[in-house]
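Please take these sequences and the hints and turn them into a complete structure.
As numbered in the numbering used here, residues 1 to 93 make up the sequence shown, in order.
Hints may be right or wrong, so weigh each one.
Restraint-style ranges between C-beta atoms, simulated for each label pair [stated by the list, open to error]: (1) ALA31 <-> ALA71: 24 to 32 Å; (2) LEU45 <-> ARG9: 42 to 50 Å; (3) GLY44 <-> GLY16: 46 to 54 Å; (4) ALA76 <-> TYR41: 45 to 53 Å; (5) GLY16 <-> VAL77: 13 to 21 Å; (6) ALA56 <-> ARG89: 27 to 35 Å; (7) GLU78 <-> PHE17: 16 to 24 Å.
Derived by calculation from the structure, the hints in this document are not laboratory data. In this text, a Cβ means the ideal position worked out from N, Cα and C, and glycines have one as well.
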Amino acid sequence: MHMLHRVGRFFRITNGFEAGVIIYALALGAAMRGEAYLKTYPGGLGWALFAACLLAVLMAGAALVDGVRAANLELAVERRLRRVTRSARGLRG
Numbered sequence: 001m002h003m004l005h006r007v008g009r010f011f012r013i014t015n016g017f018e019a020g021v022i023i024y025a026l027a028l029g030a031a032m033r034g035e036a037y038l039k040t041y042p043g044g045l046g047w048a049l050f051a052a053c054l055l056a057v058l059m060a061g062a063a064l065v066d067g068v069r070a071a072n073l074e075l076a077v078e079r080r081l082r083r084v085t086r087s088a089r090g091l092r093g
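This is the structure in structure tokens:
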């Protein structure tokens with residue numbers, strides 16, 4: 001079980017650059033899928049499906065960026081709490 005936890009850390013998105021790379025890959029795939037929709041369904045329906053693909057990436061990208069920000073904020077709060085706790089212990093004894 002410990003090994004699974006260690007392997008799982010490789011798949012954690014920790015900063016904005018990693019999120020940007022993943023969003024870029026998603027956008028590239030969505031654009032290719034949208035192009036296939038345009039060939040299969042020429043006209044308005046193809047363009048609507050193309051737009052739906054790109055909007056899905058936009059929503060997923062926003063969720064990724066928000067998740068990274070929330071995780072970083074949570075880490076900052078945890079570090080601050082540790083620092084305050086350490087200083088309070090130093091005052092007591």
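Each hint, compared with the structure:
Checked against the hint of 24 to 32 Å, the C-beta distance between ALA31 and ALA71 comes to roughly 28 Å, which is consistent with it. Under the hint 42 to 50 Å, the C-beta atoms of LEU45 and ARG9, about 43 Å apart, fit the expected range. Distance hint for GLY44 and GLY16: a CB-CB separation of about 36 Å, inconsistent with the stated range 46 to 54 Å. Between ALA76 and TYR41 the Cβ separation comes to about 48 Å, which falls inside the hinted range of 45 to 53 Å.
In this structure, GLY16 and VAL77 meet the distance hint of 13 to 21 Å, their C-beta atoms being roughly 19 Å apart. Range check, ALA56 to ARG89: about 50 Å between beta-carbon atoms, so the 27 to 35 Å window is missed. Look at GLU78 against PHE17: about 22 Å separates their beta carbons, and that is inside 16 to 24 Å.
Comparing the model with each earlier hint shows violations of hints 3 and 6; every other hint is respected.
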